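So the protein sequences, as listed, match chains A and B. Each residue of the first sequence is one higher than the one before, counting from 1 in the working numbering. Each residue of the second sequence is one higher than the one before, counting from 144 in the working numbering.
There may be inaccurate statements among the hints.
What the hints assert, rightly or not - With the C-beta cut set under 10 Å, the calculated list includes, among others, these residues of chain B facing chain A: (1) ARG266; (2) LEU268; (3) GLU272; (4) VAL285; (5) SER296.
Unchecked claim - No more than 27 Å apart at the CA atoms, straight line, and that leaves these computed lysine-lysine pairs for DSS-like: (6) A/LYS67 with B/LYS290; (7) A/LYS53 with A/LYS4; (8) A/LYS67 with A/LYS119; (9) A/LYS26 with A/LYS119; (10) A/LYS67 with B/LYS303; (11) A/LYS53 with A/LYS67.
Calculated directly from the structure, the hints in this document are not laboratory data. All values derive from a computational prediction rather than experimental measurement. Heads up, the beta-carbon is just placed ideally off N, CA and C, and yes, glycines get one too.
In case you want the letters, here they are:
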Amino acid sequence: MFVKQISVFLENRAGSLAGVTRLLGKNSFDLMSLSIADTTDFGILRGIVADVKGAQALLTEAGYSVKVSDVLCVSVPDHPGALAGVLSILSDHGIGMEYLYSFFRSHGDHALIIIRVDKPEEGMKALAQAGIRMLSQEDLQSV
Amino acid sequence: MPEIIGPDDKGLPYGSQGDLTFTTLSKHGMPLLRYRTHDLCTLTDELCACGRTHVRMGRIMGRTDDMLIIRGVNVFPSQIEHALLQVAGVEPQYQIMVDRENLLDTMEIHVELSPENMSDTVRELEALERRIANSVAAHALVSAKIKLCQPGSLPRSEGKAKRVIDNRKL
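Extracted from the complex, chain B is given alone in its bound form (with noise of 0.2 Å):
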């Protein structure tokens, strides 16, 4: 049985957006009461045109979280930031970039240098790239291109910072 519910958990009627749930009537072994799937969406009770009358669901418009799918991998900002505060000397001043080359999903982690990381030489520079590159497919399980930044130059924001910008047109 699907549903729609709202933040504050409450089922909304038909036609509003919010956290499509589900909960199984008849499974034995693991029922799922409300199972938050985190994607938004609406339903409609309306008439379908070929003429069944089951509950239908609109496009999925977008996640209640922050949650990416990278190359079919979920992947969270959060774990993106632990994986950089995990680098010595890396503050967790990024943005992630992703796209679509060729049909690929891309994810491109902007990060500002800080002054301790700076160096005279391209080696160390690269090295610190490939640092944060490395933790990054441990944590977050996909493989990032890294690009280093000017500090100060990515947005600040009072409040939640925007992290991801998706260019990707789905």
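Here chain A stands alone, though its shape is the one from the complex (with noise of 0.2 Å):
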């Protein structure tokens, strides 16, 4: 149960985010979540998008470097604690954690967290077993 995450390189450039961002609007391609790692030299931007495979292929074309990873999409209860409870049966199985974003919309009165692990089949089986509700790329349409 993966969620399709856009990654792109972005040069540490004025004006690099604000042609990422403008080609996937012009486009239509809605953003549904996003996170920016950044160090001196460059970014990733980090995306979630309906139609991966389309922004893939409009970026790519575009002269960007892309990549598709499989990250987990977490449904938690929106309050205290409910994160760290996660986090602990994933660190439990000891399953590292690449990076973590919160999605802008949420599910309900539950929050829902984009992470990725450096073992995803792992991790999901950890997840599932435990009982917490991850959404597949087919839920994302309703969110």
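With the hints as a guide, bring both chains together as one complex.
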């Protein structure tokens, strides 16, 4: 039960991010969630869109370096401690986390968190066993 | 005996710029015959202001090849290209920026990120930068800072690409 995330390499230059978001916007790609990793020299834009293949083709054609990865979209009750609970399950199973960010839209009284783990299959199994709800690519359409 | 040699290996008259070569006249063990230094300069037989009459050389204006000297090490862009090709998935689209900071030469290599090397984690991209830097250090014997760039962002040219931008004022 994974969700597809698209990541784009951003040069550390004024207008870099504006260019990518403008291109996506012009072609009606709705960024449902996004996160930016930054280093001194470059950034990585990570985003969730409904049509990942289309976005990948559009951005690659425009000359960007793009990658599609599988991430977990975890539904947690929207109260303090809930996130800690989910992260504890992962760490108890020895699953490392690469990065995490929250989804813009909420799911009723649940918050949606995007988590990229280093062992995707195992991470998914561990959370499923613990009864944690995860969204699929199809579920995203209705969020 | 110094001479200035042109690209067609013919000796050039005083005042012309060309490859500075040396021929030893009294060495026994290992004589040099028109040993090319690959440095570009001029020779003149004009009288010096102090009165001496021997041949004098002008300032060295450049190289006949594309060799650079970085912190005392001879570096050829072809070595950098070879080093880049040793790293999986790296295409030799690069530009070498040379500068001097605080009296020390610095070398920064801009390398285009190929689609197959793109990653969603900073960790993997930084590891790629390190792999490239290690390859450059192993092949060219200099430590350089590696900067990843967007594909297609480095200038392309027909014929020989301008690989080196030397900002040092020598």
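Exercise for the section: Using 10 Å as the Cβ threshold, decide whether B/LEU268 counts as touching chain A. Expected result: B/LEU268 check passes; min Cβ-Cβ to chain A is 7 Å, inside 10 Å.
Practice task
With chain A as the partner, please determine if B/SER296 meets the hint condition of a C-beta pair closer than 10 Å.
Solution key: Constraint on B/SER296 satisfied, holds at 7 Å.
Exercise for the section: Using 10 Å as the Cβ threshold, decide whether B/VAL285 counts as touching chain A. Expected result: Nearest chain A Cβ about 19 Å off; hint violated.
Problem - Evaluation of the interface hint that places B/ARG266 against chain A, nearest CB under 10 Å - result: holds (7 Å)
Exercise for the section: Go through the hint on B/GLU272 and say holds or violated, using the shortest Cβ distance to chain A against 10 Å. Expected result: The hint holds - B/GLU272 has a Cβ within 10 Å of chain A, the shortest such distance being about 8 Å.
Handout entry: Given hint A/LYS119 paired with A/LYS26 - CA-CA distance at most 27 Å
Key = Violated, at about 35 Å.
Practice task
Starting from A/LYS67, check that the Cα of B/LYS290 is at most 27 Å away, please.
Solution key: Roughly 19 Å between the alpha carbons, so the hint for A/LYS67 and B/LYS290 holds.
Handout entry: Given pair status - B/LYS303, A/LYS67, alpha carbons within 27 Å
Key = Given that 27 Å is the threshold and the Cα spacing comes to 32 Å, the pair is violated.
Handout entry: Proposed proximity, A/LYS4 with A/LYS53 (alpha carbon, max 27 Å)
Key = Roughly 9 Å separates the two Cα atoms, so the pair holds.
Exercise for the section: Starting from A/LYS67, check that the Cα of A/LYS119 is at most 27 Å away, please. Expected result: Holds, at about 17 Å.
Exercise for the section: Sort out whether A/LYS67 lies within 27 Å of A/LYS53, counting only the CA atoms. Expected result: holds (10 Å)
In terms of the numbered hints stated before, the structure departs from hints 4, 9, 10, listed from lowest to highest.
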